[in-house]
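Colleague: Sequence:
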Amino acid sequence: MKHLQNKAVLAFPPLAIAFVWGASALNPKPAPSPELKPTLQKKFTYAEDIAPLLNNHCVQCHRPGEVAPFSLIGYENAKKWSAMMAQVTESGQMPPWKAEPADVEYKDNFGLSDEQRKMLKAWDEAGAPRGDKSKEPAPPTFGKDWALGKPDLLVQMPYEFELGPEGQDEYWNFVIKPDIKEPVWVQAMDVKPGNKTVVHHVIAFTDKKGRTEKLINGNRGDKRAGYLTTGGGVGFMPDGSMGGWAPGVAASKLPDDAGFLLEPGTDIVLQIHYNKSGKVEKDRTQIAFYYNKSEKAEKKVDIAWIANPLINIKAGDSNAKFTQRFKLPAAIEIYNVMPHMHLLGRSMTAWAVLPDGKKIKLVDVQDWDFNWQLVYTLKKPMVLPRGTELIVEASFDNSKDNPFQPHNPPVDVRWGEETTDEMMLLVAAYSVVK
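Per the numbering used here, the very first residue in the sequence shown carries number 537; after that it's consecutive.
Just so you know, these hints were derived from the structure itself, not from any lab. A hint or two may mislead.
For lysine-lysine, the following BS3-like pairs were computed, each having C-alpha atoms within a straight-line distance of at most 27 Å [to be verified]:
no., residue 1, residue 2
1, 915, 894
2, 713, 643
3, 915, 850
4, 863, 970
5, 915, 863
6, 970, 894
7, 863, 717
8, 657, 579
9, 744, 829
10, 832, 686
11, 643, 970
12, 669, 578
13, 680, 713
14, 643, 818
15, 897, 857
16, 970, 895
17, 732, 615
18, 832, 818
19, 680, 578
20, 686, 671
21, 616, 686
Construct the entire structure; sequences and hints are all you get.
Modeller: Now the structure itself:
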């Protein structure tokens, strides 16, 4: 981060930097679904059209024991929920992949094309026909073991956490002290939530200065220990993030020449966003780290965030727009990007404008949802030369008609860590090109 210091880049907790790597213990990983171009003449069937789509875009979450409320594995389940699928995919509510097509390609893109959404609707309106049962593909196999094999370092929450049955979502932070004797390069991270019913997402932050001790002390009256925060922050400025987990995102590795540097004495602050299920739940989440043992490993991956802390969203403004710009003082290789806003956020778009004037759209989210914040990992890391200007534009809806409006009546909203405050933040993982 020291390479990118500027008024636009803040030393600020990256909140939901999560998902640099994700985990769903998917084994094997299904092949990409074919591009489907429905026409009025074609009759879609579950066997040939719907099952392949669900296998590749939906069942990672919509299966027994996962975070989704119902399974979409098998014809009977798909038929039962065909009308619901048509409705939520047409509206864009599902799947929760919010990035529009950009000038880069992303890993693990489980979003649907317009043609695929139309196909689901047409299939439902036709009565959800099954077709030739013999042509139905088998659902993907989901293993219980770690997707990337035996970990080099396995850590877990220090105790079994108990979550209350009702109320708002909670962000709990647990401090883990990894047993390492020398610095290691971390190439990948995987997560096994202890209770997928209530674990919404997981982020692993790092603390080199022991700053969490005071925060833990403030919660010692609570037998659950750890400490509670709001708005996605961790209560202090972390030194970085090792990645995280979100439902449906498969574990993946950084390139062989790159890694996050984990040093002895560094605490891992495991932040878990919990949903409430209506009953008391217990969780003890595990994290697996995989070291980069390649002789090529030389690129230290850091986390940068480009923010506009001066936002002031006036009450009643349904389309407040803000822009932030930052010029790179050095060439970097960028691995992923993640937009972050709170409840008033509507859209965020980020470009890289190269010194020769070429404009590259890095990410474009037009239907922001605070509950589904993803990191978008580039299929191929991109080198941005020195002098490249990063431009971030965001819009906010602070009107009474915003269904996520936390204030009644609306009030002026500025930057802050509380969920009812706002943020305009673009997070990215990068390394400096030497």
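Colleague: None of the hints should be skipped; say for each whether it holds.
Modeller: Here is how each hint holds up against the structure:
1. 915 to 894: holds, 20 Å
2. 713 to 643: This hinted pair is violated, its Cα atoms lying about 31 Å apart.
3. 915 to 850: violated, 39 Å
4. 863 to 970: holds, 18 Å
5. 915 to 863: Since the Cα atoms of residue 915 and residue 863 sit roughly 24 Å apart, the hinted pair holds (cutoff 27 Å).
6. 970 to 894: Holds. Residue 970 to residue 894 sits at ~23 Å (cutoff 27 Å).
7. 863 to 717: violated, 38 Å
8. 657 to 579: holds, 12 Å
9. 744 to 829: Measuring from Cα to Cα gives roughly 23 Å; hence the hint holds.
10. 832 to 686: holds, 22 Å
11. 643 to 970: Between residue 643 and residue 970 the Cα gap is close to 26 Å, so the pair holds against 27 Å.
12. 669 to 578: At roughly 18 Å apart (the allowed maximum being 27 Å), residue 578 and residue 669 satisfy the hint.
13. 680 to 713: holds, 26 Å
14. 643 to 818: violated, 32 Å
15. 897 to 857: holds, 18 Å
16. 970 to 895: Within the cut-off at roughly 23 Å; holds.
17. 732 to 615: holds, 25 Å
18. 832 to 818: With a Cα-Cα distance of about 42 Å, the restraint between residue 832 and residue 818 is violated, given a limit of 27 Å.
19. 680 to 578: violated, 39 Å
20. 686 to 671: Judged against 27 Å, a Cα distance of about 36 Å means the pair is violated.
21. 616 to 686: violated, 39 Å
The structure fails to meet hints 2, 3, 7, 14, 18, 19, 20, 21 from the earlier list, while all remaining hints are met.
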